[in-house]
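Work out the full structure: start from the sequences and follow the hints.
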Amino acid sequence: MSLVQAGKILELFYSTNNGRVNTTELALDDKGVIEDKYYNKDIQRSVLITSYESYKLAASHGIDAPYSALGENILIDYNPYHLRPGARLTIGDLELEISQNCTLCKSLAKVDARLPKLLKNDRGVFAKVISSGTIRKGDNIYLLK
Numbered sequence: 146m147s148l149v150q151a152g153k154i155l156e157l158f159y160s161t162n163n164g165r166v167n168t169t170e171l172a173l174d175d176k177g178v179i180e181d182k183y184y185n186k187d188i189q190r191s192v193l194i195t196s197y198e199s200y201k202l203a204a205s206h207g208i209d210a211p212y213s214a215l216g217e218n219i220l221i222d223y224n225p226y227h228l229r230p231g232a233r234l235t236i237g238d239l240e241l242e243i244s245q246n247c248t249l250c251k252s253l254a255k256v257d258a259r260l261p262k263l264l265k266n267d268r269g270v271f272a273k274v275i276s277s278g279t280i281r282k283g284d285n286i287y288l289l290k
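Numbering follows the numbering used here, with no gaps: position 59 of the sequence shown is 204.
Because the hints were derived from the structure by calculation, they are not lab data.
Treat the hints loosely; a few may be bogus.
Stated by the list, open to error - Calculated pairs, DSSO-like style, for lysine-lysine (alpha carbon to alpha carbon, straight line, at most 27 Å):
#1 Lys201 x Lys251
#2 Lys153 x Lys282
#3 Lys255 x Lys265
As the list claims (entries may be wrong) - The following label-pair restraints were derived from C-beta to C-beta distances:
#4 Lys182 x Ser277: 16 to 26 Å
#5 Met146 x Gly207: 41 to 51 Å
#6 Asn266 x Gly207: 15 to 25 Å
#7 Asn167 x Asp238: 16 to 26 Å
Beta carbons: idealized from backbone N, C-alpha and C, even for Gly.
Put into structure tokens, the structure is as follows:
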């Protein structure tokens, strides 16, 4: 197998009962994002990866959505929406496996009523953690080929 650089991490977030937290690093293990309120809830959906392209698409339709409004844990400068389940990403010593496309979420309507329909296929991809590690803002992302 070989590694192909795909992009970089732009922002990192986790959820608490009091809202979303922007951070410079995230620790992840096989149960998901440590400290996230969804930790150990659904391993197949434990990490949400969203592309900056989703925010550009929203902005092109006059929707002002701040980063993390789409619920992502990892915001990247690469568009992963074409990746099929089973595709693997490496970030530092962490390995993630794409498990499914992110489903339509009605909570996006809280940002703007048009957002759920607009981002139906462009909200993000879910991944599960294959090997634990810590990732940081600015880290390179590699596709395992």
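Hints, verified against the model:
1. Lys201 x Lys251: holds (20 Å)
2. Lys153 x Lys282: Holds: Lys153 and Lys282 sit about 8 Å apart, inside 27 Å.
3. Lys255 x Lys265: holds (15 Å)
4. Lys182 x Ser277: 16 to 26 Å: holds (19 Å)
5. Met146 x Gly207: 41 to 51 Å: Distance hint for Met146, Gly207 holds at roughly 43 Å.
6. Asn266 x Gly207: 15 to 25 Å: Check passed, 20 Å falls within 15 to 25 Å.
7. Asn167 x Asp238: 16 to 26 Å: holds (23 Å)
Of the hints listed earlier, there is not a single one the structure fails to meet.
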